[in-house]
Amino acid sequence: DSGVTQTPKHLITATGQRVTLRCSPRSGDLSVYWYQQSLDQGLQFLIQYYNGEERAKGNILERFSAQQFPDLHSELNLSSLELGDSALYFCASSVGPGVPPYEQYFGPGTRLTVT
Amino acid sequence: AQSVTQLGSHVSVSEGALVLLRCNYSSSVPPYLFWYVQYPNQGLQLLLKYTSAATLVKGINGFEAEFKKSETSFHLTKPSAHMSDAAEYFCAVSDSGTGNQFYFGTGTSLTVIP
Chain C
1 DSGVTQTPKH
11 LITATGQRVT
21 LRCSPRSGDL
31 SVYWYQQSLD
41 QGLQFLIQYY
51 NGEERAKGNI
61 LERFSAQQFP
71 DLHSELNLSS
81 LELGDSALYF
91 CASSVGPGVP
101 PYEQYFGPGT
111 RLTVT
Chain B
1 AQSVTQLGSH
11 VSVSEGALVL
21 LRCNYSSSVP
31 PYLFWYVQYP
41 NQGLQLLLKY
51 TSAATLVKGI
61 NGFEAEFKKS
71 ETSFHLTKPS
81 AHMSDAAEYF
91 CAVSDSGTGN
101 QFYFGTGTSL
111 TVIP
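These protein sequences, in sequence, are chains C and B. Just so you know, this note's numbering puts 12 at position 12 of the first sequence, and the rest follows in order with no gaps. Just so you know, this note's numbering puts 40 at position 40 of the second sequence, and the rest follows in order with no gaps.
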C-alpha cells in the first residue's frame, strides 16, 4: 500500500459526459501528479500540482482540468468525454520538488471506460 | 529534452534464469533514473532509483541496476527469476527542473516460465 488513495476504482460513462477523479496523496506529500495509461500511448504525464499551485503541464487535453485543494487532495476533471479517453488514470504523490528528485508514489488508479 | 527507451516490449525467462530488462536514456543534463514495477490491476511501485551516488543500485525483491554513462544505459537485472516477478516494468528519467517531471518508457512485460 503506497498510501495514495484514488476514487472511484472503476467508472463507466457515456461519450459527451463529464467525470471527476479524486486523489488523496500520502501523508506529508505536497506534490500530486496525474498520469494517463493507455495501451497505445503508454504512461503519459498529464499535470502536476505542488502545495495547491500548478507546477508542470504535460500532455493534458484542454477538455481536462485539475486542481489541488487546501487539504492537498486533488481532483482531475474530464469533460466532453470521447471513446479515446478510456484509460487507467493514476495519481502519484511525492514530498515535492528536490535535487535529486524525490520518488513518486502511485495510487491504485481509476479505470475509466467511455461507451 | 529527456526520454528513455526500453528495448523489448516483452521478455520471457525461465524460472531461475537471469532477468535483464534494458533501458537507455537521453538527457542533456545528469539524469536521475528510476525503475518501477506494475503488477496486474495495481499501481506502479518503486523498485530502485539512481541519484548520482553509487552507479550500482540495489532495489527491492533482489533487483539491481547499473548506471553506465558511457552507454547511456540503466539496465535492470535479477540473478534468478521467480514466478512472482511476472509484471510490467517501467524505466523513468527525471530532472531537477521545475517539477521533477518523470518521463516513463513504454514498459517491458516480463513473463516467467515455470
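Because the hints were derived from the structure by calculation, they are not lab data. From the three backbone atoms N, C-alpha and C, an ideal C-beta is built for every residue, glycine too. Misleading hints may appear alongside valid ones.
Claimed, not checked - Derived CB-CB ranges, DEER-like:
{"id": "1", "chain 1": "B", "residue 1": "K69", "chain 2": "C", "residue 2": "T13", "range": "43 to 53 Å"}
{"id": "2", "chain 1": "C", "residue 1": "E75", "chain 2": "B", "residue 2": "S80", "range": "38 to 48 Å"}
{"id": "3", "chain 1": "C", "residue 1": "E62", "chain 2": "B", "residue 2": "S14", "range": "19 to 29 Å"}
{"id": "4", "chain 1": "C", "residue 1": "K57", "chain 2": "B", "residue 2": "V29", "range": "13 to 23 Å"}
Stated by the list, open to error - Negatives, chain C to chain B, calculated, CB over 12 Å:
{"id": "5", "residue": "S31"}
{"id": "6", "residue": "Q37"}
{"id": "7", "residue": "Q44"}
{"id": "8", "residue": "E62"}
{"id": "9", "residue": "S65"}
{"id": "10", "residue": "E82"}
Structure-based check of each hint:
1. At roughly 47 Å, the beta-carbon separation of K69 of chain B and T13 of chain C lies within the given 43 to 53 Å, and the hint holds.
2. Between E75 of chain C and S80 of chain B the beta carbons are some 44 Å apart, a value that agrees with the proposed interval 38 to 48 Å.
3. Checked against the given bound of 19 to 29 Å, the beta carbons of E62 of chain C and S14 of chain B, roughly 48 Å apart, lie outside it.
4. Range check, K57 of chain C to V29 of chain B: about 20 Å between beta-carbon atoms, so the 13 to 23 Å window is met.
5. A beta-carbon of chain B comes within 12 Å of the beta-carbon of S31 of chain C; the shortest separation is about 8 Å.
6. The beta carbon of Q37 of chain C is not kept farther than 12 Å from every beta carbon of chain B, the shortest such distance being approximately 9 Å.
7. Taking the minimum C-beta to C-beta distance to chain B, about 8 Å, the non-interface status of Q44 of chain C is violated against the 12 Å cut.
8. Chain B leaves E62 of chain C outside its interface by the beta-carbon criterion, the shortest separation being 20 Å against a cut-off of 12 Å.
9. Listed as outside the interface, S65 of chain C is consistent with that label: its C-beta sits roughly 17 Å from the nearest C-beta of chain B, beyond the 12 Å cut-off.
10. Non-interface status of E82 of chain C relative to chain B is upheld: no Cβ of that chain comes within 12 Å, the nearest being about 23 Å off.
In summary, the numbered hints that this structure violates are 3, 5, 6 and 7.
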